[in-house]
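A.B. asks: We have chain A already, so just place chain B on it with the hints.
Chains as they are written, first to last, in this note's numbering: chain A, 7 to 118; chain B, 7 to 118.
Just to be clear, a hint being listed does not mean it is correct.
Just so you know, same-sequence chains aren't split out, so a pair can sit in one copy or run between any two.
Keeping only pairs whose Cα atoms sit at most 30 Å apart, straight-line, the calculated DSBU-like set for lysine-lysine is [claimed, not checked]: (1) Lys-10 with Lys-106; (2) Lys-17 with Lys-86; (3) Lys-108 with Lys-86; (4) Lys-104 with Lys-9; (5) Lys-17 with Lys-108; (6) Lys-9 with Lys-19; (7) Lys-106 with Lys-9; (8) Lys-37 with Lys-26; (9) Lys-106 with Lys-19; (10) Lys-26 with Lys-106; (11) Lys-37 with Lys-19; (12) Lys-10 with Lys-26; (13) Lys-17 with Lys-37.
These aren't lab readings, by the way, just hints derived from the structure by calculation.
Read off the chains here:
Number of protein chains: 2
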Amino acid sequence: MLKKNIESVPKDKVEMQGAKGLQVQWLFSPKDGVPNFSFRIFHIEESGTTPQHTHAWEHEVLFLEGEGEVFVNNQLYPFKAGDAFFIPGGEEHQIRAKSKGKFICLIPNSGC
Amino acid sequence: MLKKNIESVPKDKVEMQGAKGLQVQWLFSPKDGVPNFSFRIFHIEESGTTPQHTHAWEHEVLFLEGEGEVFVNNQLYPFKAGDAFFIPGGEEHQIRAKSKGKFICLIPNSGC
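Isolated chain A, as found in the complex:
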């Protein structure tokens, strides 16, 4: 068993190309010994973005705070707190914040 509080988890600036105003907390990752999937919490500034990219693994996303748009396969979908997105592997995607926000984004360990 491993216990931690989210306040103790460092917020790392995301340096990937296309990321803007974005920090990530790796709540549980393979470094913690989790065998299958990783639990990440992202903090995004107003007008911040995640990278616009495509990869083989999926995302399961839940927005906790903020609003904006999710770009998936050349379409835009608005988001607000309480909205959740499943983005399968192979679909190009980007999160574009219109206000400061926070969201959970889960990935299989193959994406770490």
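C.D. replies: Frame of chain A, contents of chain B only:
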């Protein structure tokens, strides 16, 4: 891509032995086509409990609201909002709420 809002996801009473005052929302499960892991949100009443049990798959838990104790392998660990627990497969566990609460509990699809 699949989008849904948590308000649209039914709250199902958990009927397993040992569950008390417990409802679950399956935000993403194999029924939605997710390939690897499932995203569940639990709502627990004051004095509510999850089943006390052991199984082969792990849990990744984040408490969003409430307080109480997590029983793992004959030890009790207090929880409050912001606390997170990784409970590996094979460890006996139960969540015991002292106040009304809400938590995320993720499992691999092998546990569905």
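A.B. asks: Confirm or reject each hint.
C.D. replies: Hints versus structure:
Within a single copy, Lys-10 and Lys-106 get their C-alpha atoms as close as 25 Å, and across copies as close as 21 Å, so both meet the 30 Å cut-off. With identical chains, the CA atoms of Lys-17 and Lys-86 are at most 30 Å apart both within one copy (22 Å) and between copies (21 Å). In this assembly of identical chains, Lys-108 and Lys-86 lie within 30 Å of each other by CA distance both inside one copy and across copies; the values are 10 Å within and 19 Å between. In this assembly of identical chains, Lys-104 and Lys-9 lie within 30 Å of each other by CA distance solely across copies; the values are 18 Å between and 33 Å within a copy.
In this homomeric assembly, Lys-17 and Lys-108 come within 30 Å of each other (Cα to Cα) both inside a single copy, at 12 Å, and across copies, at 24 Å. In this assembly of identical chains, the alpha carbons of Lys-9 and Lys-19 lie at most 30 Å apart whether taken from the same copy (24 Å) or from different copies (27 Å). In this homomeric assembly, Lys-106 and Lys-9 come within 30 Å of each other (Cα to Cα) both inside a single copy, at 28 Å, and across copies, at 21 Å. Taking the closest pair of Cα atoms, Lys-37 and Lys-26 come within 30 Å of each other only inside a single copy of the chain (25 Å); across copies the shortest separation is 34 Å, beyond that limit.
For the homomeric pair Lys-106 and Lys-19, the shortest alpha-carbon distance inside one copy (15 Å) is at most 30 Å, but the shortest distance between copies (35 Å) is not. In the homo-oligomer, the alpha carbons of Lys-26 and Lys-106 lie at most 30 Å apart inside one protomer (12 Å), although the nearest pairing across protomers, at 37 Å, exceeds that limit. Taking the closest pair of Cα atoms, Lys-37 and Lys-19 come within 30 Å of each other only inside a single copy of the chain (18 Å); across copies the shortest separation is 35 Å, beyond that limit. Taking identical chains as interchangeable, the C-alpha atoms of Lys-10 and Lys-26 lie at most 30 Å apart whether they share a chain (28 Å) or sit on different chains (26 Å).
Taking the shortest alpha-carbon separations for Lys-17 and Lys-37, only the intra-copy value of 16 Å comes in at or below 30 Å, while the best inter-copy value is 33 Å.
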